[in-house]
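Residue numbers (the UniProt record's numbering), protein chains in the order written: chain A, 1 to 137; chain B, 1 to 446.
Hints in this document: simulated from the structure, not taken from any laboratory. Hints are supplied without guarantee of correctness; some may be wrong.
[Said to hold, decoys possible] Derived CB-CB ranges, DEER-like:
id: 1; chain 1: B; residue 1: Glu-26; chain 2: A; residue 2: Ser-128; range: 35 to 41 Å
id: 2; chain 1: B; residue 1: Glu-387; chain 2: A; residue 2: Glu-49; range: 56 to 62 Å
id: 3; chain 1: A; residue 1: Val-41; chain 2: B; residue 2: Asn-351; range: 37 to 43 Å
id: 4; chain 1: B; residue 1: Pro-208; chain 2: A; residue 2: Arg-25; range: 52 to 58 Å
id: 5; chain 1: A; residue 1: Ser-128; chain 2: B; residue 2: Gly-226; range: 53 to 59 Å
id: 6; chain 1: A; residue 1: Gln-19; chain 2: B; residue 2: Pro-390; range: 34 to 40 Å
id: 7; chain 1: B; residue 1: Thr-247; chain 2: A; residue 2: Glu-62; range: 29 to 35 Å
id: 8; chain 1: B; residue 1: Lys-238; chain 2: A; residue 2: Thr-92; range: 32 to 38 Å
[As the list claims (entries may be wrong)] Which stretches of chain B does chain A cover? Using the computed rule of at least three CB atoms under 8 Å from a CB of chain A, they are:
id: 9; stretch: 193-205
id: 10; stretch: 402-413
id: 11; stretch: 424-433
Yeah, the Cβ is synthetic: ideal placement off N, Cα and C, and Gly gets one too.
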Amino acid sequence: MANAASGMAVNDSCKLKFQELKAKRIYRYITFKIEQQEVVVDKIGGSTETYDDFQASLPGDECRYAVYDFDFTTDENCQKSKIFFVAWSPDTSRVRMKMVYASSKDRFKRELDGIQVELQATDPSEMSLDIVKARAI
Amino acid sequence: MYGGDEVSAIVFDLGSHTCKAGYAGEDAPKAVFPSVVGAIDQMDVDEADDDAEKNSASVGESKNNLRNADSDKAKGKRKLFVGSQSLGYRRDYMEVLSPFKDGIVADWDIVDSIWDHAFRECLLIDPKEHPMLLAEPSSNSQQQRERTAELMFEKYKAPALFLAKNAVLTSFASGRATSLVVDGGGGSTTIAPVHDGYVLQKAVATSPIGGEFLTDCLMKSLESKGITMKPRYSFRRKEIRPGEFQTVDIDFPNTTESYKLYSQRVIASDIKECVCRAPDTPYDESAYSNIPMTSYELPDGQTLEIGSDRFKIPDVLFNPSLVQSIPGMESFAEIAPSVRGLPQMVIESINKCDVDIRRELFSSILLAGGTASMQQLKERLEKDLLEESPQAARVKVLASGNATERRFSVWIGGSILASLGSFQQMWFSKSEYEEHGASYIQRKCP
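Chain B with its partners taken away, still in its complex shape:
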């Protein structure tokens, strides 16, 4: 048992797109920043090092000192840049890397740097003094969990740790111990049935179509119409006369492709969030050809007119085969046959559960995550499910009316849980770790 005095816990939800971190008991995470990092191999960095360091390398630097020796050896020397600010600054030869591969942590070094950034740069805390509650994907493997425990206890010397499942936190935060959680994340969409606080692993369904995939679709579709999104670093904009601007392109030949793509995605995802909305009925090219245009001003001052794409892109969630009609997304064709639309995934997942709880799952389908916050998505999903579900089922799709609660439901659930006095006895404490080892996490956080 962790009998610590009343120091507040830290709650962490490391998603595939965004990392959410903050103090337990608060209503929303204090720090929200990208889950990707910039990396520069130290061999290349010699000449770029000077200006990079001056600007905002403090993150990378402090980390290099702290990083334990073995990871340095394994990975060679590279400097990592974490956080929206350091990523917003373009650097020569800086690659943008994600710690995840297919939704699972593949590069612990990056995870480590993200944690470190959150503790020391965003929350300004000493990890030795705060219990840590981490949200984990429903399908996290045993090895991953033990690795997490090792890193938290050995490197950060956290006094206590808890791993809570994403889907369970979302379900509890909406007042339900039994529900079907539809989590529209950045990298993927996951459907997870939760029963009495247990995730029914066999019925969990995932699809690679998440927010980032939609962003890419939108980007390709706009590109095919001759629109280029100029990353913010690639031009300078000056006011030559009041109200009149001049845009001058600047060339940075040493910018990596991954950084360019990252910067373009930032723009495209903003366009997506501003204009896209799920169509009420399946998208149909001819019906939407006369749809009124919506305008959007790009950072360089060009104005975009977006018509049918507003509806077509979100409809990919419901009908993935639509992707094949977007120029430049052909590579998707290989996986397309195995990917199902959202309503089909929901029904398949429910049908894998015990007959006795299906009715209850149909009537408590919870939407969570950034992509699920898309306008009209809830209404559309409910309508499609009504058509395809068994007659006797009462279909009810629920989403918090509050946009923050919808987007951060996992984090908020963790925040409340970790702040409960009664939860103190549930933590996996450092002394238990020392006595039983990392594998004890499976018993403490089932």
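Isolated chain A (complex conformation):
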């Protein structure tokens, strides 16, 4: 257990939706928020949505967690996909919110089994498509 963890609970629906994203591949992304001392599902993006839609779904001044199922083609022309975990913590959000999300992240991420790449972003440039591509390959 990490030092100074918040002890925030994780709602079961988070795990279920994540399973569906991972195994059934029916969603492109899921965002999560903390509400009344537990992590709950915030928004869900269908499999046809794009990375831009995903970025637009994150609020500009509030923290969120998100998972994104990223499809890409490798240099050898091989179709692949990787699941990204994004800790979104914009600089303009309140200190209290940043603290709550950062101190609950470790525990939450452990609940989601199958994350391949993790990003933490404080402004949109830190999670641009280029960076995601670079991390995926």
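Use these hints to put chain B onto chain A, whose structure you have.
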């Protein structure tokens, strides 16, 4: 589990220079006072006792009654004076002592007196009723942590305790679970990589160059130019005609050297905070010789003109060997070879971490602490790191724009954490202490 009712917790950050204490959930600490105390051995105190007691000895007195018998025996009798006010009052034979030695608590008696002062004089609370969250240095040893738990539970009978690491609190308060925390404190500068809420102990780097060291450099440098800083107690200033002042020196032969130094440091550190700023490029004697002077008025009315020192002193953080050119700081030469500049320390620390996280650390370097609030320090560090870091790294140095948040980031992190409803289950409670003993702290607060 500590299932207490909704009484707010107390958050404590005892730094090497300043102690920050307050109620969890608030935006800034209620009490901020020096981490040093004044001490008078009771043998010497006989004649000085009377006036000292009248003035502000209530702190020391109430403590003497409360202090448990064994510490009295061990330490002999001495009276301790805690807080800016009691320290501001000069007393014969009063020595100024710090509880720390090399960043580690060496004198628990003093720590005890500081806690006591904060609880009873500043926050006006009964420690029996409030859970305590204490911030601790990243490299705190097991013994130190157990000792803390013992003192808190046995003496203060606190209902619950938590020890949180400085660097982790700073990192979380800025919204990051992974970051490199550069904590410019009073007594030292510490660089600590944090990954997913864990401090990577092997890569932690510290240097003795902190705010106090810079203050000393500034003081020596000014002294070598013939400027003496008269402590506030050593003169009386009277308005003889409107707008015209007369300063009369007063001699107190029984003032200790340590008290004189403490009083001078208070002045010098104010000068430092007012005029110093990190130079944009490495300090160069000739380039700065024509720099315009900035004036500063000392408490006794003399006006100081400070030129190149404004930039030279902060540059010591980046280039410690500069100290050798400051008259009176020669003693530093012995440790100088082992001390690195800030950018080198950052890079060395990152290079000790796993390759996979280096990139992320480079792009989230967090500045915290009083010294890190120095003007232009963030810009300079970023620039130096850009030059020295690997090409692929995206260097980003971050610091809260809000000066209070920057200075108190550790405390603020603790304040938020301790006020979370979900955190209640994380406390190390008194009943757990009674059942498992002090060593259980290692499991509850890893």
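Comparing the hints with the structure gives:
| no. | hint | verdict |
| --- | --- | --- |
| 1 | B/Glu-26 with A/Ser-128: 35 to 41 Å | 37 Å, holds |
| 2 | B/Glu-387 with A/Glu-49: 56 to 62 Å | 42 Å, violated |
| 3 | A/Val-41 with B/Asn-351: 37 to 43 Å | 40 Å, holds |
| 4 | B/Pro-208 with A/Arg-25: 52 to 58 Å | 56 Å, holds |
| 5 | A/Ser-128 with B/Gly-226: 53 to 59 Å | 57 Å, holds |
| 6 | A/Gln-19 with B/Pro-390: 34 to 40 Å | 39 Å, holds |
| 7 | B/Thr-247 with A/Glu-62: 29 to 35 Å | 57 Å, violated |
| 8 | B/Lys-238 with A/Thr-92: 32 to 38 Å | 53 Å, violated |
| 9 | 193-205 | holds (count 4) |
| 10 | 402-413 | holds (count 3) |
| 11 | 424-433 | holds (count 3) |
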